[in-house]
Structures are given as structure tokens and as C-alpha cells.
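*Asks:* Each chain is listed here by its residues.
There are 2 protein chains.
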Amino acid sequence: MRSYQQYCGLARGLDVIGDRWSLLIIRELALRDCRYTDIRDGLPGIASNLLAQRMRDLTAAGVAERFDAPPPIAAPLYRLTRHGRDLLPTLFALVRWAQPLMVGGPEPSDIERNRWIAFAARAFITEIPVDVAELTILLDQPSEPVRLGISNGILTVTLHAASESNEKLLDVVVRGPLWYQLGLLSGEISGTKPEGLLDIAGRRDAIRRFRKLLAAYRPGDRVRSGVLG
Amino acid sequence: MRSYQQYCGLARGLDVIGDRWSLLIIRELALRDCRYTDIRDGLPGIASNLLAQRMRDLTAAGVAERFDAPPPIAAPLYRLTRHGRDLLPTLFALVRWAQPLMVGGPEPSDIERNRWIAFAARAFITEIPVDVAELTILLDQPSEPVRLGISNGILTVTLHAASESNEKLLDVVVRGPLWYQLGLLSGEISGTKPEGLLDIAGRRDAIRRFRKLLAAYRPGDRVRSGVLG
DNA sequence: CCGCATCCGGGGCGATACTG
DNA sequence: CAGTATCGCCCCGGATGCGG
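Respectively, the protein sequence lines represent chains G and B. No gaps in the numbering here: position 32 of the first sequence is 31 in numbering that gives the first Met the number 0, and each next residue is one more. No gaps in the numbering here: position 14 of the second sequence is 13 in numbering that gives the first Met the number 0, and each next residue is one more.
Just so you know, not all the hints are guaranteed correct.
Stated by the list, open to error - Footprint (simulated), chain B over chain G, 3 or more residues, beta carbon under 8 Å:
#	stretch
1	3-14
2	88-98
3	106-112
4	115-126
5	202-215
Simulated from the structure, these hints should not be mistaken for lab results. C-beta atoms are modelled at their ideal positions from N, C-alpha and C, and glycine is treated no differently.
Produce the complete structure using the sequences and hints provided.
*Replies:* Shown next, in the form of C-alpha cells:
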């Protein structure tokens, strides 16, 4: 992208990640290390040469990097650098802001990737209550189920290869339409009983702690009405 | 902008604010209510028709709105809506992320607007220590000085009409090159004595509390090395 | 099959001129 | 002052090709 040529932090940041597709590339790399093709799978409609250009730009900016995975993986992979990962809290904030645009569920023309809910999970689970220090949840779906693991009060979100899940190790399993699961994470569905199409399975105590985990998110962080208040 | 047509919060957000110039327009409106020309002043190089289009898009999206100011102001003004202001914490996060790109000072080709430091101030002052509940600081410059007012532990940042400042009401006055002032806010200049070109004036106790205010910012919020860790 | 490079319309963008 | 109008140009989107 053309630089804005402004001595302003916001403009400088946009010079790096303001290009079309750039943040969606970073989203894909945030979910897992990717081959070129893996990234393209998450960006339907992007021109191939454009993706190549973006990868050059992002690596040059120190946001992503190329590396060779150990055998038997033949293709080179891309991953986020430390600097790239530092950007994620910003993206989670944007996801929270945009949540009102998600409430009606997907439009017929919308592309969907089940793994994207892992990104939303990171955005909406912002705090771990002390008595939820150990808990394992599976957001189950036909393809790309997502595992939320809390250990020592630290959350780790991973993509689950389908049916890899040893259900013995899971405390809670959530099944149902993806946008219902999203509504659960974002707090729009907060009733204490499973809502309609949503199936929440697990021991009673585990489910209680899961709900407490979700309740810890508050939309807050509002800016007061005054100018730059 | 063409919609990404993805059922993903990040993509949905970018559909609204991912266009070129959009976030810089929001920056200008965050600093003060603006006439059309005021916005354009902060976006050198933007085509007039393009700005008009962006304003239509942003008002349609409920991020900004047009309104008629009371007399004697003749021209219609733009301001952020509540929804637009909710976006500011995200932009502040981006400003913090991009700070490493600011350390060397402006490039010769860079445009500068002194008011932009007000935006940075909001980004880097993230917490108010309890004993700094009352404090008034002026970031002084030839044009567009910025006032940081803390009252009841709440920070308010305002643009000061030049020489409007009644210095009697100011606890601390900071003078010096803009990017030195920025370095002070972001913590790169944290020495206890005024650095070279930077002049920090005020009562000893006020300056001490001012430094404590700045020290409250920590770059933190890092994401661990694991994927979506 | 994967990782691009190339080619080719179309439209968004940059710059300027113009109008109420 | 607040936009609208016009015109290149280049970036982007879509398809194809091709070497590893």
C-alpha cells in the first residue's frame, strides 16, 4: 500500500497492516502455521499474485516469517513473528466491536470457516475466574472443532483435527449451529439452560464453571461522551 | 469497499472500517467535531470525492453523523456516534503496537499535525494511579497545544486553542519537539531528569505525579508463543 | 499438487477543476 | 465552504500457465 506519509502512530500502523486482505492473512496465521494454500483457503477471492505480494510485505515488516518445517512436511510454512502476535489483542478488540454485525447469523452469500470461531473465542474470553483454573471445552462441529483448554488459569485455543478428540479428557462439549455457539461466547445467549439448537454436555459442575467463564466477559471499555474523554 | 463476504467478526469489522482513509477520518473526529474541511486538513492527498464517499459510508454504518451546530457556527459538522467512539480503544491499541515505527522521529517527507499527539496520549495513558486523581498537564507547542486533565481519577484530553491556556491552572507544562514529547508518553524517555530538548516545568510534586502517571503504562498484553496461546 | 508469475478487464483511487 | 464532476492510472480481481 502507498504510505500515508504521516507522522502519526495510527497512520504508521496502517501503512503496515492497512492493506486489503492483510489482517485476514494475519487471522489465518493466528489460527495455525500455514502453507501458502492454507492461507488462500481462508481468503476466497484473493488474487494469487496479490497474496504473494502481501506475504512479501508482511515478512518484510517483521509481522510474519517463512520457515521450513521438519520432515515429512515438504512445503514451506508461514507463521506470525512475536511482533505479529503482539497485534492480536488489537484484532480481538476489533472482533468485539464488530460483534453486533454478526447477530443475525450468516448471509446466504457469506463464506464460512468453522475454525474462525477460535478467533472469536479468544476475543470474548478475556478473563479467567480463579475457580475456573482447570477446564477443557470442545466447540464441536462437523469440520474443524475447536478446543478451549484452561490450565493453571491460562487459556489455550487449538484447532482439533476432527474426531481426534478423546472425549474422556473433555469437561464440556458444545454442539449446535456455529452462530449459536458464537452467540454463547459473546454473551447474547446467556440463559442458564441450553438454548434451542444448542447442546451443552458435561458434568453439572463443569458446565457451571463454563458459564461463569463466559459471564466474565463484559462489553465495557466504553469511551465517555466528551471529545477524547 | 467491497465486502469480504465472510461470516467472521474481523472481516465484518473490516467491511466497515477497512477502507483506505476510514480510520484516519475517525482519528480526526475523535480529536474534535469537524467540518468537511477540517477532516480534509488531516488527510492531505485524499481526493475530495473520495472523502465525501467515505463520510456517506461511515454515517450509513452508524460510526459518524452529521449535525448542525448552534449559531454562530454556519457549516454542518461531523462527529462520532457512540458506536464510533466504542472503536477508539481498538485504535489506541493499534497506536501502541505501531509505536516502534515512530521512534526515529518523522521522515522528511512526513506530514505532521501537532494535534495527533492527543491521540497518542490517550493510547499511552491507560491507567490513573490513585494518588494522581487531580492533575492538569499542557503539552505545549506553537500550534495546537494539548491539555491533559485528570479530575476525579478520570482523564480528559482536549485541544487547546493556542494561548488560551491560563497557565495558572496548569500543574505541568511540557515543551519540546513533538517526537520527544511522544517518546515521553510512550515510555522511551523515562529518565527522571528532563531529557535534552525536553522542558518539563511545574512544581516538584506535580512533576513527580506526572512521571508516575506515565510510568503506569506497560507495553504488556503479550500473546504467548503457542498458536492462539 | 503447490507456489507462485503473467496477463488482462474493471474499478477504486489520486489529482484537478468546477459549482451552489 | 461543502461538496460534485471528470479523467488517467494503477491496484485489484479473476483466469491461466508453469516450474518444482
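*Asks:* Against this structure, judge whether each hint is valid.
*Replies:* Consistency of the hints with the structure:
no.	hint	in the structure
1	3-14	holds (count 12)
2	88-98	holds (count 10)
3	106-112	holds (count 6)
4	115-126	holds (count 6)
5	202-215	violated (count 0)
Consistency note: the structure conflicts with earlier hint 5 alone.
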